[in-house]
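Could you build the full structure based on these sequences and the hints that come with them?
Number of protein chains: 2
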Amino acid sequence: MIVRDFHDIQKNDTDRVVSDAKWSSTRLLLANDGMGFSFHITVLEAGSEHTFEYKNHFESVYCMKGSGSITDLKTGQTHRIKPGTMYALDQHDRHTLKADEELFMACCFNPPVTGTEVHRADGSYAPAEELA
Amino acid sequence: MIVRDFHDIQKNDTDRVVSDAKWSSTRLLLANDGMGFSFHITVLEAGSEHTFEYKNHFESVYCMKGSGSITDLKTGQTHRIKPGTMYALDQHDRHTLKADEELFMACCFNPPVTGTEVHRADGSYAPAEELA
Chain A
1 MIVRDFHDIQ KNDTDRVVSD AKWSSTRLLL ANDGMGFSFH ITVLEAGSEH TFEYKNHFES
61 VYCMKGSGSI TDLKTGQTHR IKPGTMYALD QHDRHTLKAD EELFMACCFN PPVTGTEVHR
121 ADGSYAPAEE LA
Chain B
1 MIVRDFHDIQ KNDTDRVVSD AKWSSTRLLL ANDGMGFSFH ITVLEAGSEH TFEYKNHFES
61 VYCMKGSGSI TDLKTGQTHR IKPGTMYALD QHDRHTLKAD EELFMACCFN PPVTGTEVHR
121 ADGSYAPAEE LA
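Same order as they appear, the protein sequences are chains A and B. Residue numbering for the first sequence follows full-length UniProt numbering, beginning at 1 and increasing consecutively. Residue numbering for the second sequence follows full-length UniProt numbering, beginning at 1 and increasing consecutively.
Because the hints were derived from the structure by calculation, they are not lab data. It is possible that some hints are incorrect.
Since copy identity is lost for identical chains, a pair holds within one copy or between any two.
Claimed, not checked - With a straight-line Cα cutoff of 35 Å, these simulated DSBU-like cross-link-like pairs (lysine-lysine) come out:
#1 LYS11 <-> LYS74
#2 LYS65 <-> LYS98
#3 LYS11 <-> LYS65
#4 LYS82 <-> LYS65
#5 LYS55 <-> LYS98
#6 LYS82 <-> LYS98
#7 LYS74 <-> LYS98
#8 LYS74 <-> LYS22
#9 LYS74 <-> LYS55
#10 LYS22 <-> LYS55
#11 LYS82 <-> LYS11
Next up, the structure:
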């Protein structure tokens, strides 16, 4: 059994925290935990906007706190995000996420993120085999 | 892109809600969503206690609200659960979960739950191939 705490990791295990100026992701589970998925708590700054396209991963995102929206860049459709909303990028959907208020999100990735990925210019993470 | 809402599903899509008197699980993603994991919001009643052993699944659980504890029944070790705590049953660990206050948990299962599982006498879910 693995037991970890979001607040402890943010303070003491910064290898598991990836961030830029307007975004941070705390990785509670990574590929080497052997669960077959990774699990992240991601916080997006109020007023920020992010475009991602996880070409090599499926991702689900559950909103725990805050408000914003997600736009599917293929269809142009925008969905409101509030506590209780989940979106799942089952088509590796290119999307823009906007945080009207600070957003606290619980995210699952399959395949699991290894922890060394960075967002590339196209908004994707590299597939695991390119990170070895 | 799949977009679903916890509160809408609780009201309008009760096929996705599994519950007993002291426990309910709202399945936002199931096996047929094709993500390779399932994602559930599970609410455990204050004062309740639950013993599970997912022999055929890995599960991670993140506490969003409430307080309680988890006991690893192999080692006897008990861990406190509060908002920000995550536990992952990477050894299919038999465990007892106690809710001191009502617990709101975000849960991921691999392999994904199909939606027809019930807890068996031993606290497990059947493997997917027995549910066809």
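Verification of the hints:
1. LYS11 <-> LYS74: Between. Shortest inter-copy distance 30 Å satisfies the 35 Å Cα cut-off; intra-copy 39 Å does not.
2. LYS65 <-> LYS98: Answer is both: 14 Å inside a copy and 25 Å across each meet the 35 Å cutoff.
3. LYS11 <-> LYS65: both (21 Å within a copy, 20 Å between copies)
4. LYS82 <-> LYS65: For LYS82 and LYS65, the Cα distance is within 35 Å both inside one copy (7 Å) and across copies (16 Å).
5. LYS55 <-> LYS98: Answer is within: at 20 Å inside a copy they meet the 35 Å cutoff, but 40 Å across does not.
6. LYS82 <-> LYS98: Both: 12 Å inside a copy, 29 Å across copies.
7. LYS74 <-> LYS98: Within one copy only: 16 Å inside a chain, 45 Å across chains, cut-off 35 Å.
8. LYS74 <-> LYS22: within (25 Å within a copy, 43 Å between copies)
9. LYS74 <-> LYS55: Cα proximity of LYS74 and LYS55: one copy only (14 Å, versus 40 Å across).
10. LYS22 <-> LYS55: within (22 Å within a copy, 40 Å between copies)
11. LYS82 <-> LYS11: Close inside one copy (27 Å) and across copies (17 Å); limit 35 Å.
Every hint from the earlier list agrees with this structure, and none is contradicted.
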